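Undergrad: If you're matching them up, the sequences are chains E and U in order.
Mapped onto my numbering, the consecutive letters of the first sequence carry residue numbers 140 to 465.
Mapped onto my numbering, the consecutive letters of the second sequence carry residue numbers 140 to 465.
A hint or two may mislead.
If you want a taste of the chain U side facing chain E, the calculated C-beta under 10 angstroms gives, among others [claimed, not checked]:
1) 310
2) 312
3) 345
4) 347
5) 372
Taking lysine-lysine pairs in the DSS-like style, the calculated list, with each CA pair at most 25 angstroms apart, reads [unchecked claim]:
6) 345/E with 273/E
7) 347/U with 435/E
8) 221/U with 345/E
9) 443/U with 347/E
10) 169/E with 185/E
11) 312/E with 312/U
12) 354/E with 443/U
13) 286/U with 347/E
14) 369/E with 347/U
15) 286/U with 455/U
16) 241/U with 221/U
Derived DEER-like restraints, expressed as beta-carbon distance ranges [what the hints assert, rightly or not]:
17) 364/E with 285/U: 37 to 43 angstroms
18) 276/E with 226/U: 51 to 57 angstroms
19) 451/U with 364/E: 40 to 46 angstroms
20) 451/E with 269/U: 37 to 43 angstroms
21) 363/U with 351/E: 24 to 30 angstroms
22) 226/U with 227/E: 52 to 58 angstroms
23) 459/E with 273/U: 45 to 51 angstroms
No wet-lab data here; the hints were simulated from the structure.
Fair warning: this is a prediction, and the values are worked out from it, not measured in the lab.
Every residue gets a Cβ at the ideal spot worked out from N, C-alpha and C, and that includes glycine.
2 protein chains.
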Amino acid sequence: MRTLFGLLFIVSSAVASAQPLPSWNEGDAKARIVAFVQAVTDKKSKDYVSPAERIAVFDNDGTLWAEQPMYFQLLFALDRVKALASQHPEWKDKEPFASLLKADVKGALAGGEPAIFQIVMATHAGMTTDEFEKAVRDWITTAKHPKTGRRYTEMAYQPMLELLRFLRASGFKTFIVSGGGVDFMRVFAERVYGVPPEQVVGSSGKLKFELREGKPVLVKLPEIDFVDDKAGKPVGIQKHIGRRPVAAFGNSDGDLQMLQFTAAGAGQRLMLIVHHDDAEREFAYDRQSHIGTLDKAWDEGKAKKWIVVSMKSDWKRIFSFEGTKP
Amino acid sequence: MRTLFGLLFIVSSAVASAQPLPSWNEGDAKARIVAFVQAVTDKKSKDYVSPAERIAVFDNDGTLWAEQPMYFQLLFALDRVKALASQHPEWKDKEPFASLLKADVKGALAGGEPAIFQIVMATHAGMTTDEFEKAVRDWITTAKHPKTGRRYTEMAYQPMLELLRFLRASGFKTFIVSGGGVDFMRVFAERVYGVPPEQVVGSSGKLKFELREGKPVLVKLPEIDFVDDKAGKPVGIQKHIGRRPVAAFGNSDGDLQMLQFTAAGAGQRLMLIVHHDDAEREFAYDRQSHIGTLDKAWDEGKAKKWIVVSMKSDWKRIFSFEGTKP
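Here chain E stands alone, though its shape is the one from the complex (with noise of 0.2 angstroms):
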């Protein structure tokens, strides 16, 4: 099996190197990235590292797929609460329901933290995973995204989709950590990504076992059980993956811990920060911002000489879908 193996390696490379990264122009974000995986897949180089070591960490909002004007996440959960509105008579008169039902989503989000929860967990909660599954594929395969009009899948960035295609066929493990809910992420990661559900980590809500007329579920309970933003990333990566990652890819502050842990390790690391600078193609957003507040990570990242990636000058395009009408 050895050889077969070797061929398919030799080819998979082959594939890989002839073109990696098409869309991002050339310069030092992405010779850094080449440079570094032919270090650590080389077995002469004094950094070479075993496949079963080759983790690949990729933060998700805002780092695969956009982030504004909201998380997408919570513009399901909006419109989750419009569909769910006749079940629930009482939002009429109930904060921060009432408000969203008049299409008042600032006065909605106005209550904070509190109302984000509020509404997060009456639309992913207290129903089984088969239930909610279902609801997010429903909206992910029809809702579109409010300024581009595109499918919210479609906003991923065709840069990090060739990243992530390139460090697979390199012999990478590509896992998801992200704040965003890994029950919602699943629904879409294999086919966005490429990335399978046991390799996407996330924030979760408790679950129960339950026996239904004999047929076992999993019941969302209205429940926090894990966070898996800032402190929480590297923890997430422990008890999910249980090995240091040596690559890690984020755009904000809740990536710092994440990126830290990964650049702890010994030997060559590979530490990746995208920077929103394109209001033009994207958004423009970093130390101000409310969503994906880019500020000591973006100064820790600079001081550490991790790749800071210019969205504006480092990619050729952001979308697949440029230039062409939704």
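Got chain E; can you put chain U on it based on the hints?
TA: For chain U alone, coordinates are given in the frame of chain E:
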């Protein structure tokens, strides 16, 4: 690439099917396992399952390795108490530690679950994940089983190691889903079972991310995070894997819900229970045993025609060391 993958698949299948499960006697159990694998991997079969969906979950204690005279992880904890005693002078007068240090295991465990909880927390928390991993690694490479005098990793069941390999060669992804501690099992699961850390699901304590002198570490806190047993097993599967297995392997009532959850999916499924009925080559215990109680799952398994393996009559040999001296 498709052709090469196709070739690889044919070659693996050929290698695997040349002599699958050599330590299994010819009989109903082996025949049903082989028939199941053929059905779900044959593209022309109505029961065909795509490789991405070929998820197989294995309990560990009593299913992949022995669990008598007590769980090996508890034996590790008892040894650790002795190793750590010099740092804890107060243990001399404090139960359950005092009894343990006088080599009175029975007295120490007389305190029941609270005593075990204290022993586990004293030996599994208050250190970093790296420190804990080292402690397990040191122990597992030196400690010997009290009855056989073999290293604990030698106490893995040879027929189950072959089953793991057979399934992987047939395109399955094999996971451990065990009540044992996830950080404990990950230390040896890859080497012994060929199951990488990211495919080990188990019980866990809470973790805390800290920067110690600028270096990120994960500290194991003396607080339970998740118990991956009984109704917790389908929950652990959903949290970690995110899809329903098509094959599940267990040996006790702690595996019943995992087996039910697996059985409830569409299409052909494989549910298997290992019955410890060989006092001569291993141990004999079932309904009345405190460790690895097999009672309800046995009845349900027989009623639902799950495979119930008799270690005595279905397995040619149990341990790879049989017939040799330690």
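Undergrad: Each hint should be assessed against the structure and marked as holding or not.
TA: Checked hints:
{"no.": "1", "hint": "310", "in the structure": "13 angstroms, violated"}
{"no.": "2", "hint": "312", "in the structure": "7 angstroms, holds"}
{"no.": "3", "hint": "345", "in the structure": "8 angstroms, holds"}
{"no.": "4", "hint": "347", "in the structure": "7 angstroms, holds"}
{"no.": "5", "hint": "372", "in the structure": "8 angstroms, holds"}
{"no.": "6", "hint": "345/E with 273/E", "in the structure": "19 angstroms, holds"}
{"no.": "7", "hint": "347/U with 435/E", "in the structure": "20 angstroms, holds"}
{"no.": "8", "hint": "221/U with 345/E", "in the structure": "37 angstroms, violated"}
{"no.": "9", "hint": "443/U with 347/E", "in the structure": "24 angstroms, holds"}
{"no.": "10", "hint": "169/E with 185/E", "in the structure": "22 angstroms, holds"}
{"no.": "11", "hint": "312/E with 312/U", "in the structure": "14 angstroms, holds"}
{"no.": "12", "hint": "354/E with 443/U", "in the structure": "14 angstroms, holds"}
{"no.": "13", "hint": "286/U with 347/E", "in the structure": "39 angstroms, violated"}
{"no.": "14", "hint": "369/E with 347/U", "in the structure": "12 angstroms, holds"}
{"no.": "15", "hint": "286/U with 455/U", "in the structure": "21 angstroms, holds"}
{"no.": "16", "hint": "241/U with 221/U", "in the structure": "10 angstroms, holds"}
{"no.": "17", "hint": "364/E with 285/U: 37 to 43 angstroms", "in the structure": "38 angstroms, holds"}
{"no.": "18", "hint": "276/E with 226/U: 51 to 57 angstroms", "in the structure": "54 angstroms, holds"}
{"no.": "19", "hint": "451/U with 364/E: 40 to 46 angstroms", "in the structure": "42 angstroms, holds"}
{"no.": "20", "hint": "451/E with 269/U: 37 to 43 angstroms", "in the structure": "40 angstroms, holds"}
{"no.": "21", "hint": "363/U with 351/E: 24 to 30 angstroms", "in the structure": "27 angstroms, holds"}
{"no.": "22", "hint": "226/U with 227/E: 52 to 58 angstroms", "in the structure": "57 angstroms, holds"}
{"no.": "23", "hint": "459/E with 273/U: 45 to 51 angstroms", "in the structure": "47 angstroms, holds"}
Checked against the numbered hints given earlier, this structure breaks hints 1, 8, 13; the rest are met.
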